[in-house]
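From first to last, the protein sequence lines are chains A and B. First residue of the first sequence? That's 256 in our numbering, and the numbers climb one at a time after it. First residue of the second sequence? That's 256 in our numbering, and the numbers climb one at a time after it.
Any given hint could be a false lead.
Given that identical chains are not distinguished, each listed pair holds provided it fits within a single copy or across any two copies.
As the list claims (entries may be wrong) - Taking lysine to aspartate or glutamate pairs in the EDC-like style, the calculated list, with each CA pair at most 20 angstroms apart, reads: (1) 431 / 470; (2) 330 / 583; (3) 334 / 562; (4) 338 / 583.
Honestly, the hints are just simulated from the structure, not real lab data. All values derive from a computational prediction rather than experimental measurement.
Letter by letter, the chains look like this.
Protein chains: 2
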Amino acid sequence: MKTDLNKIMQDRNIDALLVLGDAEHNAPMYYLTGGGHVNAATLIKPRGEEATLFHNDMEREEAAKSKLKTIPYSKYPLKTLMKEAKEKKSNFGALRLQKMLEDCGVTSGKIGVYGHTDLSNSFSMLTAAQKLMPEIEFIGESGTDSVFLQAMETKTEDEIARIREMGRITTEVVGKVKAFLAEHAVDENEVLLQTDGKPLTIADVKAKINLWLAERGAENPEATIFAIGRDAGIPHSVGTESDLIRLGKTIVFDIFPCEAGGGYFYDFTRTWCLGYAPEAEQKLYDEVREVYEKVEAKLESGIPFGELQRITCELFEAQGHATPLHTDAPQEGYVHSVGHGLGVNIHEKPWARMKTKGNTLQSGVVFTLEPGLYYPSKGMGVRIENTYWARPDGSFEMLAEFDFGLVVKMRG
Amino acid sequence: MKTDLNKIMQDRNIDALLVLGDAEHNAPMYYLTGGGHVNAATLIKPRGEEATLFHNDMEREEAAKSKLKTIPYSKYPLKTLMKEAKEKKSNFGALRLQKMLEDCGVTSGKIGVYGHTDLSNSFSMLTAAQKLMPEIEFIGESGTDSVFLQAMETKTEDEIARIREMGRITTEVVGKVKAFLAEHAVDENEVLLQTDGKPLTIADVKAKINLWLAERGAENPEATIFAIGRDAGIPHSVGTESDLIRLGKTIVFDIFPCEAGGGYFYDFTRTWCLGYAPEAEQKLYDEVREVYEKVEAKLESGIPFGELQRITCELFEAQGHATPLHTDAPQEGYVHSVGHGLGVNIHEKPWARMKTKGNTLQSGVVFTLEPGLYYPSKGMGVRIENTYWARPDGSFEMLAEFDFGLVVKMRG
Numbered sequence: 256m257k258t259d260l261n262k263i264m265q266d267r268n269i270d271a272l273l274v275l276g277d278a279e280h281n282a283p284m285y286y287l288t289g290g291g292h293v294n295a296a297t298l299i300k301p302r303g304e305e306a307t308l309f310h311n312d313m314e315r316e317e318a319a320k321s322k323l324k325t326i327p328y329s330k331y332p333l334k335t336l337m338k339e340a341k342e343k344k345s346n347f348g349a350l351r352l353q354k355m356l357e358d359c360g361v362t363s364g365k366i367g368v369y370g371h372t373d374l375s376n377s378f379s380m381l382t383a384a385q386k387l388m389p390e391i392e393f394i395g396e397s398g399t400d401s402v403f404l405q406a407m408e409t410k411t412e413d414e415i416a417r418i419r420e421m422g423r424i425t426t427e428v429v430g431k432v433k434a435f436l437a438e439h440a441v442d443e444n445e446v447l448l449q450t451d452g453k454p455l456t457i458a459d460v461k462a463k464i465n466l467w468l469a470e471r472g473a474e475n476p477e478a479t480i481f482a483i484g485r486d487a488g489i490p491h492s493v494g495t496e497s498d499l500i501r502l503g504k505t506i507v508f509d510i511f512p513c514e515a516g517g518g519y520f521y522d523f524t525r526t527w528c529l530g531y532a533p534e535a536e537q538k539l540y541d542e543v544r545e546v547y548e549k550v551e552a553k554l555e556s557g558i559p560f561g562e563l564q565r566i567t568c569e570l571f572e573a574q575g576h577a578t579p580l581h582t583d584a585p586q587e588g589y590v591h592s593v594g595h596g597l598g599v600n601i602h603e604k605p606w607a608r609m610k611t612k613g614n615t616l617q618s619g620v621v622f623t624l625e626p627g628l629y630y631p632s633k634g635m636g637v638r639i640e641n642t643y644w645a646r647p648d649g650s651f652e653m654l655a656e657f658d659f660g661l662v663v664k665m666r667g
Numbered sequence: 256m257k258t259d260l261n262k263i264m265q266d267r268n269i270d271a272l273l274v275l276g277d278a279e280h281n282a283p284m285y286y287l288t289g290g291g292h293v294n295a296a297t298l299i300k301p302r303g304e305e306a307t308l309f310h311n312d313m314e315r316e317e318a319a320k321s322k323l324k325t326i327p328y329s330k331y332p333l334k335t336l337m338k339e340a341k342e343k344k345s346n347f348g349a350l351r352l353q354k355m356l357e358d359c360g361v362t363s364g365k366i367g368v369y370g371h372t373d374l375s376n377s378f379s380m381l382t383a384a385q386k387l388m389p390e391i392e393f394i395g396e397s398g399t400d401s402v403f404l405q406a407m408e409t410k411t412e413d414e415i416a417r418i419r420e421m422g423r424i425t426t427e428v429v430g431k432v433k434a435f436l437a438e439h440a441v442d443e444n445e446v447l448l449q450t451d452g453k454p455l456t457i458a459d460v461k462a463k464i465n466l467w468l469a470e471r472g473a474e475n476p477e478a479t480i481f482a483i484g485r486d487a488g489i490p491h492s493v494g495t496e497s498d499l500i501r502l503g504k505t506i507v508f509d510i511f512p513c514e515a516g517g518g519y520f521y522d523f524t525r526t527w528c529l530g531y532a533p534e535a536e537q538k539l540y541d542e543v544r545e546v547y548e549k550v551e552a553k554l555e556s557g558i559p560f561g562e563l564q565r566i567t568c569e570l571f572e573a574q575g576h577a578t579p580l581h582t583d584a585p586q587e588g589y590v591h592s593v594g595h596g597l598g599v600n601i602h603e604k605p606w607a608r609m610k611t612k613g614n615t616l617q618s619g620v621v622f623t624l625e626p627g628l629y630y631p632s633k634g635m636g637v638r639i640e641n642t643y644w645a646r647p648d649g650s651f652e653m654l655a656e657f658d659f660g661l662v663v664k665m666r667g
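All chains, full assembly: derive it from the sequences and hints.
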């Protein structure tokens with residue numbers, strides 16, 4: 256949780272956090288500022304002290320909404336800095352950063368740098384800043400384990416309320432998509448037809464999804480997976496826009512929207528066969544469903560997430576499928592992880608990758624369970640996914656309910 | 256243009272480009288790959304040679320859509336790299352990067368690093384990679400001038416077609432917003448009312464904007480400015496969600512959506528007074544409109560963009576307003592630049608900041624003209640903005656037309 260930041264900084268021997276970039280669509284900056292139209296900002300948080308947000312003058316009111324201490328960039332006049340940069344053969348950004356750090360009382364120690372932002376400009380500035388301030392060490396942290404990812408791993412009740420609301424919106428939209436598909440007529444080739452007689456395409460369905468999300472104040476910056484047949488057999492294929500929708504083919508519908516502005520995410524997947532499920536598709540679904548239920552039954556407060564991944568692999572191998580447990584990067588079978596944490600990042604701690612330490616289902620974490628089987632060569636794939644919260648009382652709560660059924664009955 | 260990349264790399268003495276991150280909402284990666292659901296990718300382009308896109312195995316089909324040469328990360332097995340990382344006390348990402356660079360024939364020289372991506376992880380990897388490969392120099396470039404920004408500065412006809420289409424969508428949505436506002440009834444305090452009798456809020460209007468953009472396949476990752484009264488007087492205030500909409504107050508409506516997935520942007524602003532315009536508001540509008548038309552008349556192929564900024568400042572100062580020409584960071588008056596280039600970035604070259612060299616309105620550039628006046632202390636602000644293309648024949652084309660009028664006649 257955010258209140259753990261100082262403790263985590265101490266454990267990692269980090270003296271200050273430096274976060275660069277916009278307040279939105281930038282997880283660490285959003286986490287500390289709460290978003291808003293604040294662009295190209297700089298946030299400095301010394302260990303044990305409050306954070307200061309440095310911002311463009313034009314965005315002073317947006318910056319103030321963060322409730323943090325704010326300082327406009329005009330405090331560091333461009334002309335003076337430009338002259339100094341020329342004299343010292345350094346760069347403007349590095350010199351300004353030095354002054355901002357001084358104003359926060361940071362003149363030595365280890366500074367962790369963060370932000371989903373422009374790498375080129377930041378790298379250029381930090382390289383120059385490192386030369387300018389030899390008594391400071393600028394360090395990056397891994398994309399899978401950092402001060403922020405560790406703090407974000409456990410959620411407050413407020414954060415849970417926001418994720419739960421995104422879950423409500425997500426499943427409401429999934430319900431609308433299901434009803435929308437069901438009301439279509441089909442032609443003699445089992446292709447869904449629109450009222451004007453033209454076939455319905457994946458692009459048409461995605462347009463509806465975006466519309467229904469926007470209506471509810473959500474956005475999907477990471478796009479939506481709506482993949483049919485062979486594409487459904489490739490876990491991260493988002494689907495082919497021009498593909499038609501047919502009866503009896505597996506459709507993997509994986510939707511992971513966030514609050515507008517880049518806030519909290521939800522993650523949810525269902526696999527559907529419209530009209531009917533052929534025997535092979537039904538069997539694949541039943542196998543995933545069986546594993547899903549067995550793994551869900553293994554949820555236990557504090558269990559390593561990697562342990563659930565091992566169990567999932569063993570269950571799928573018992574069914575005769577290849578998994579990462581005994582196959583390197585399998586192309587078919589069970590080819591990914593059983594889940595991941597989520598919050599202001601769509602993927603964050605805890606991780607279910609095998610052998611990763613310290614990623615347990617401790618109280619406060621929010622994570623997905625999403626076993627799946629993929630056979631692109633057979634033109635099919637199945638995944639079932641829900642998002643869970645490890646409650647303080649040791650139980651697990653699925654944050655949004657929706658029926659699991661494979662076959663969608665057509666009414667058109 | 257993209258075809259200039261090798262020449263620009265040569266001019267800047269850069270031997271290879273290294274782009275990190277997702278294909279979407281990441282301008283340099285989008286520019287070279289065309290987008291798609293390709294996450295945490297690595298792109299390497301040696302000077303004079305084709306680019307190679309390295310990607311997660313699960314996203315092989317999405318990666319293939321880029322038409323670039325692709326190599327899945329599984330070519331560099333995790334287990335071997337982890338072992339090597341331990342032995343060499345380096346990190347996995349740096350070692351893999353070294354192997355990817357070798358596979359592209361890059362073993363020495365200057366490598367520019369790019370990407371709108373996770374700074375912490377990238378900085379950590381690049382710091383380790385720099386130690387591992389002393390014969391290579393990793394460099395960042397400025398956020399205002401880089402190989403990419405120089406290439407992106409001039410557009411192909413294909414890019415113009417996409418920006419023009421975004422202009423059509425943008426102005427269509429602006430038209431819908433205008434008609435939507437006009438049909439509302441007002442109460443005795445001149446506040447707009449919804450059909451259920453509740454007052455209309457900025458949040459309600461923004462929900463409609465998001466909806467109408469989504470319906471047209473656009474998104475607005477940078478949010479929309481819809482600010483009334485005092486907020487309209489603060490150029491980058493996005494507006495207060497709970498604010499009511501009243502007659503006779505300036506509303507600054509600045510909308511800058513992009514293609515879904517983070518493609519090409521459009522940028523457009525109108526200022527409206529609903530019902531009627533009080534004298535002071537009308538005067539402020541007339542002054543901005545006058546300057547707009549005078550500056551537009553000065554458009555000339557090859558003119559430095561900063562020259563237009565100087566002219567704009569002089570015109571506003573002649574009207575008695577403070578401007579950056581003779582006031583440092585003015586809080587009221589004309590407080591920003593006359594425009595900026597745009598493309599896959601909402602802000603890119605050419606820049607209109609004074610004294611910046613090499614930012615001219617040469618053939619092929621796309622840019623905004625957006626003079627404005629801001630008086631938060633008087634509860635008002637006015638901006639007018641359109642996007643232009645400097646055509647190959649030396650003329651300038653406004654890429655989407657929309658009436659300039661201040662007063663919106665109410666029909667409710």
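Evaluated hints:
no.	hint	verdict
1	431 / 470	both (12 angstroms within a copy, 16 angstroms between copies)
2	330 / 583	between (55 angstroms within a copy, 11 angstroms between copies)
3	334 / 562	between (58 angstroms within a copy, 19 angstroms between copies)
4	338 / 583	between (56 angstroms within a copy, 16 angstroms between copies)
The structure shown violates none of the earlier numbered hints.
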